[in-house]
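Enquirer: Chain by chain, the residues run as shown.
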Amino acid sequence: MNATVPHAPQNLSRLQIEADQRRRARMLETQRQSKLVRELVTPEGAVIHLKLSTATERAGAFLIDVAIQWAIVIATSIGLSYAMRAMGSGSANVAFAVWLVFFFFVRNFYYIFFELGPKSATPGKRALGIRVAARNGGRLTANSVLARNFIREIEVGLPFQFLMMGGTGVSGWIALLGLVWSGIFLFFPVFNKDKMRVGDLIAGTWVIHAPKAKLMGDIASSAASQALPGRFAFTPAQADAYGIHELHVLEDVLRNSTEEVKSQVALRIRTKIGWQPQPGETDIAFLEAYYAALRRRLEQRMLLGDRKADKYDTR
Amino acid sequence: MSDLLKSYRFREERETDWRKLDLILTRAENNGVKALSDEDMMALPRLYRQAVSSLSVARSISLDQNVIAYLESLCTRAYFYVYGTRASIGERIMDFLRRDWPACVSAAIGPTLLATLFLFGGGALAFFLCMQDMDWFWTFHGNSFWEGRNPDATVDYLRSTIYHDPTTTGDGQLSSFASFLFNNNAQIALFAFALGFAFGIPTAWLLIYNGVHLGSMYAVFWSKGLGYEFTGWLMIHGTTELFAIILAGAAGFVIGGAVAFPGRMTRLASARQAGQKAATIAMGCVIMLIVAAILEGFGRQMINSDVIRYAIAIWMLLMWLSYFYLPRRDETKI
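Residue numbers (full-length UniProt numbering), protein chains in the order written: chain A, 1 to 315; chain B, 1 to 334.
Hints should not be assumed to be uniformly reliable.
The calculated lysine-lysine pairs, modelled on DSS-like cross-linking and capped at a C-alpha distance of 25 Å, are [what the hints assert, rightly or not]:
#, chain 1, residue 1, chain 2, residue 2
1, A, K212, B, K20
2, B, K34, A, K212
3, B, K6, A, K311
4, A, K212, A, K51
5, B, K224, A, K214
6, B, K20, A, K119
7, A, K214, B, K20
8, A, K119, A, K214
9, A, K119, B, K34
10, A, K214, A, K193
11, A, K311, A, K262
Hints listed in this document are in silico derivations from the structure and should not be mistaken for laboratory results.
Remember, it's a predicted structure, so these values are computed and weren't measured experimentally.
Turn these sequences into a full structure, and let the hints guide you.
Expert: Right, here's the structure in full:
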């Protein structure tokens, strides 16, 4: 953000002060978001922006994975108990033996199995669009995957054990101390800027966003193909009314919003730029045409090194 | 049409290639490398480079959020695919067994000796304390432990725990016992590794604790004149199992040492480097413990001859030692 927040003079109306507050909040939010972005320079010299996954998303993915693990274990238990009933009483021990080994492997190798796969993510991570990557941008080696998942034992297992210990008197105090100590590991990802858990630290990995974005149609092109030339002729002043932020908001509105929202937005833009609706002009056509005009204007300015961040950015 | 935006024309010219790359990547991610044709493999690097350069251009000329987000995600996926590992899981396992595991173990010989010292030091301490005064046993174990294998037991009872009457125990019991022990030990081994992070202190404690248990049990049997028999009973799987526990401890010390004494590297880089080696060792421990559990659950309960027990124990130990420490031909494979 290269624009500075303007100081509000005394006699501004309440509306404008509120608008300023909103803008300041928005800028802070952008700044906060940008703290999660890491730059990866590929060997070709190009920069890719990697967005780190937040602790909340990690926790969510973990919960999904735990639920899946439990589902697997419970399903196997039920299956084994049926098999046991069919084979007679002597097989109980064998079934228990199989179950125990299976339990160990589900507990420890579920994550490893999926993270070694081509998607480098467990089903829970995949559901939230995140994946594991090596911190230095190199290959995610099998060793790293093993390391980050074996460490999970102290991050999750240890606090859980101290919690189960409970007890009264001295042993209660010990359990509490242990819980606090092991809690440091559990909440480690919240307190470092790269959102790594201890396992990530040891393994040299981090967890990043890997959403699968879809390429949608270009709004500006549909505006150009539909509108008759000269029908929407915006003056340069009208095209300068908004900045990049508003352009992006308009893009979101056009792609995702309901008709109602679109007509409200159209009304506000018409009022702001002083546009007289022509006979037979639809809101959508107007919005698309204005989007195209605004983008053209802003892109032209950007090519000359002049990014108009938002509508307050007047230079 | 001259009316079109520059950024739209830019997109129009390249869109087909982006979509082609997207398709190849989706196929590769879902079905593996084998799903790609030779043609796709040839096209991939070119399409990837093009997408990356499209991204840098798009950032400076286009204000279409969707295009930039799409390219960003496409390039990230392509980058990780092009520069990622493409070895199959089978190849990775073979690499692990043939090279990585023994190399990591033999490189960590110092921590291994340290872990041995802690385990057997704890064992020796407990042994001599118990030999002087058997009350120590109760201090170490508390009550009701080890199915009555305690100082109050008779020689005959202790002897009966060492040898098994094949007619009384069913196969089922053996296998469940083995898998229970495996589960328990493997979890402890992973714990010993993971706790190494705290400068290796909890790892050392865990090793001594296990050693003390071992030593005090030994003292019970020794004092009843069953030392030779007990050694056979313990060592048939013990050479494998104790070796695995020592290596798990060594893995913990590798990390602990790297965190405590990073040398010229930053603490983080040092922990990272050591962590990967240590994880390999810990993974190996799980495999060793599977072997140990099989020996313990089946071999020990079904073989009642001391001589065969000793032979298996020594043979296993020699096998592990030569697997880990014998120098092997340097494969200059990349």
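Enquirer: Compare the structure with each hint and give your call.
Expert: Consistency of the hints with the structure:
| no. | hint | result |
| --- | --- | --- |
| 1 | K212(A) / K20(B) | holds (15 Å) |
| 2 | K34(B) / K212(A) | holds (22 Å) |
| 3 | K6(B) / K311(A) | holds (23 Å) |
| 4 | K212(A) / K51(A) | holds (13 Å) |
| 5 | K224(B) / K214(A) | violated (76 Å) |
| 6 | K20(B) / K119(A) | holds (19 Å) |
| 7 | K214(A) / K20(B) | holds (13 Å) |
| 8 | K119(A) / K214(A) | holds (18 Å) |
| 9 | K119(A) / K34(B) | holds (15 Å) |
| 10 | K214(A) / K193(A) | violated (29 Å) |
| 11 | K311(A) / K262(A) | holds (19 Å) |
The structure fails hints 5, 10 (numbered hints given earlier, in ascending order).
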